[in-house]
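**Student:** According to our numbering, the sequence shown is numbered sequentially starting from 1.
Everything labelled a hint here was simulated from the structure, so no lab data went into it. Some hints here could point you the wrong way.
Label pairs and their in silico Cβ distance ranges [as the list claims (entries may be wrong)]: (1) R172 - R133: 30 to 40 Å; (2) A83 - R152: 47 to 57 Å; (3) R196 - L89: 13 to 23 Å; (4) T123 - T197: 47 to 57 Å.
From a predicted model like this one, the values you see are computed outputs, not experimental measurements. Just so you know, even glycine gets a beta-carbon here, dropped at the ideal spot from N, CA and C.
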Amino acid sequence: MTGAGGTTAAQRLIRAGEDIPVDIPRVPAREAAQDELSDPMYHEHDPNLLQRALDRFWEWVGDLFEGATGSAPGGPLGLVVIALVVIALGAALWWRLGTPRRSVRPSDALFGSGARSAAEHRTAAEAHAEALRWTEAVQERMRAVVRSLEDRAVLDPRPGRTADEAAADAGRLLPAHATRLRTAARVFDDVTYGGRTADRAAYLNLCALDQDLEDTKPLLTAPATPGAAG
Numbered sequence: 001m002t003g004a005g006g007t008t009a010a011q012r013l014i015r016a017g018e019d020i021p022v023d024i025p026r027v028p029a030r031e032a033a034q035d036e037l038s039d040p041m042y043h044e045h046d047p048n049l050l051q052r053a054l055d056r057f058w059e060w061v062g063d064l065f066e067g068a069t070g071s072a073p074g075g076p077l078g079l080v081v082i083a084l085v086v087i088a089l090g091a092a093l094w095w096r097l098g099t100p101r102r103s104v105r106p107s108d109a110l111f112g113s114g115a116r117s118a119a120e121h122r123t124a125a126e127a128h129a130e131a132l133r134w135t136e137a138v139q140e141r142m143r144a145v146v147r148s149l150e151d152r153a154v155l156d157p158r159p160g161r162t163a164d165e166a167a168a169d170a171g172r173l174l175p176a177h178a179t180r181l182r183t184a185a186r187v188f189d190d191v192t193y194g195g196r197t198a199d200r201a202a203y204l205n206l207c208a209l210d211q212d213l214e215d216t217k218p219l220l221t222a223p224a225t226p227g228a229a230g
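Working from the sequences, and respecting the hints, build out all of it.
**Tutor:** Pasting the structure below:
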């Protein structure tokens, strides 16, 4: 039979046992916590990977905008004005210079692998023009111009020559047409490598240049380059 004193002692022992901390090693405790948190029930409402990436991106944009706003004169309005000026300058440069062209490679040569006469290039150009394919017409007419200059010995035949090189070489012996030759070469490059589209006016200009060159006698020697002597 247990007396009052025994009951009191037992109650004290129970309370003492409740206050004793449970000593669990650190690594097992961490693993147990990770296992518990990996339960899908804790992540049912988490955003997916794409949403998290977008959230981080927009946070970065917001931080960048806040930093730029703080340093830009005039605050947010000044930043907008600066952005518009930069866009306008970029558009003006693109319009003036066109699409950046690649560095000259063998594939950028004026003529392809097949050899055609000037007459054949003119015939091909006229066929393209009749079909309103002005880009192809301009390309073939420019090739006709250069091939004709080679046939007349104004230019030495040179594999891999570009339109710019042909215009520069011919312009030294045909100075009256040097500017038009450079313009024709630029149009050829723009439509061939720059992604632009030719029109009827560009083709007719090339046809007129081709005819004028046929009626012009080249200089026997190219004029001396300034500063070459001495």
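**Student:** If a hint holds in the structure, say so; if it doesn't, say that too.
**Tutor:** Status of each hint after checking the structure:
1. R172 - R133: 30 to 40 Å: holds, 33 Å
2. A83 - R152: 47 to 57 Å: holds, 55 Å
3. R196 - L89: 13 to 23 Å: Roughly 21 Å apart at Cβ, these two residues keep to the hinted range, so it holds.
4. T123 - T197: 47 to 57 Å: For T197 against T123, whose Cβ atoms are near 22 Å apart, the range 47 to 57 Å is violated.
This entry does not satisfy hint 4, going by the numbered hints stated previously; all others are met.
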